[in-house]
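Work out the full structure, taking the sequences as your base and the hints as a guide.
Position in the sequence shown (first residue = 1) + 11 = this note's numbering.
Keep in mind that the hints were calculated from the coordinates and are not lab data.
One or more of the hints may lead you astray.
So the derived label-pair ranges between C-beta atoms look like this [to be verified]:
#1 Gln154 / Asn130: 34 to 40 Å
#2 Gly52 / Pro131: 29 to 35 Å
#3 Ala110 / Glu134: 37 to 43 Å
#4 Gly180 / Asn102: 21 to 27 Å
Predicted model only: the values in this text are computed from it and were never measured.
The beta-carbon is built from N, C-alpha and C at its ideal position, and this holds for glycine as well.
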Amino acid sequence: MSDAPIDSALDFRLLAAAATQKRGKQRLEEEITELFEQWRGALLRYLSTFGLPPHDGEEIVQEVFLALLSHLERDKARTNLRGWLFRVAHNLALKRRNADRRTNGIGAEIDHLPHPDLNPEEELASSQRQRRLSSILHALPEQDRRCLYLRAEGFRYREIAEVLGMSLGSVSASLGRSLARFQRADQR
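Below you can see the structure in the form of structure tokens.
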């Protein structure tokens with residue numbers, strides 16, 4: 012008879028722990044969903060710099076967020092999740108691109124953003140400028156393009172260095188070279 016209250020208390024504690032765990036998992040899934048909605052577009056744009064087809068970028072983004080779910084379920088660090096997301100995306104994109112090159116060597120071009128409605132003269136000038144700047148962008152070394160893109164996304168130099176696995180000085184030099192090229196091209 013004395014065993015019944017102990018069993019009931021134990022059952023209650025187990026049920027309470029299971030309910031707490033379920034609520035925690037639900038909150039984690041909601042957090043992952045919010046992060047996905049917040050960073051999906053930026054990650055896809057970044058992945059486009061690897062010359063991957065858009066469907067590969069979509070798959071990589073899904074892999075990144077599955078990895079994030081696993082990372083957070085194991086109670087790993089939550090500091091700088093934005094940097095973590097881009098670093099994982101970077102590594103997965105390199106693996107995918109290298110695998111694609113080994114199998115067929117096919118890559119995709121970076122999509123250009125559409126222009127707002129302009130008059131014909133403005134459209135021509137804008138189109139010529141875009142082609143000029145696009146050719147500069149494509150002529151940049153891969154590492155410089157990635158540094159530039161991450162900076163445009165609001166990453167600080169230290170974060171860019173962490174994502175790309177390079178020194179702070181290299182990030183600074185890369186961005187300086189790239190911006191100087193764009194300024195010279197835009198002054199023409």
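Going through the hints against the structure:
no., hint, verdict
1, Gln154 / Asn130: 34 to 40 Å, "39 Å, holds"
2, Gly52 / Pro131: 29 to 35 Å, "31 Å, holds"
3, Ala110 / Glu134: 37 to 43 Å, "40 Å, holds"
4, Gly180 / Asn102: 21 to 27 Å, "22 Å, holds"
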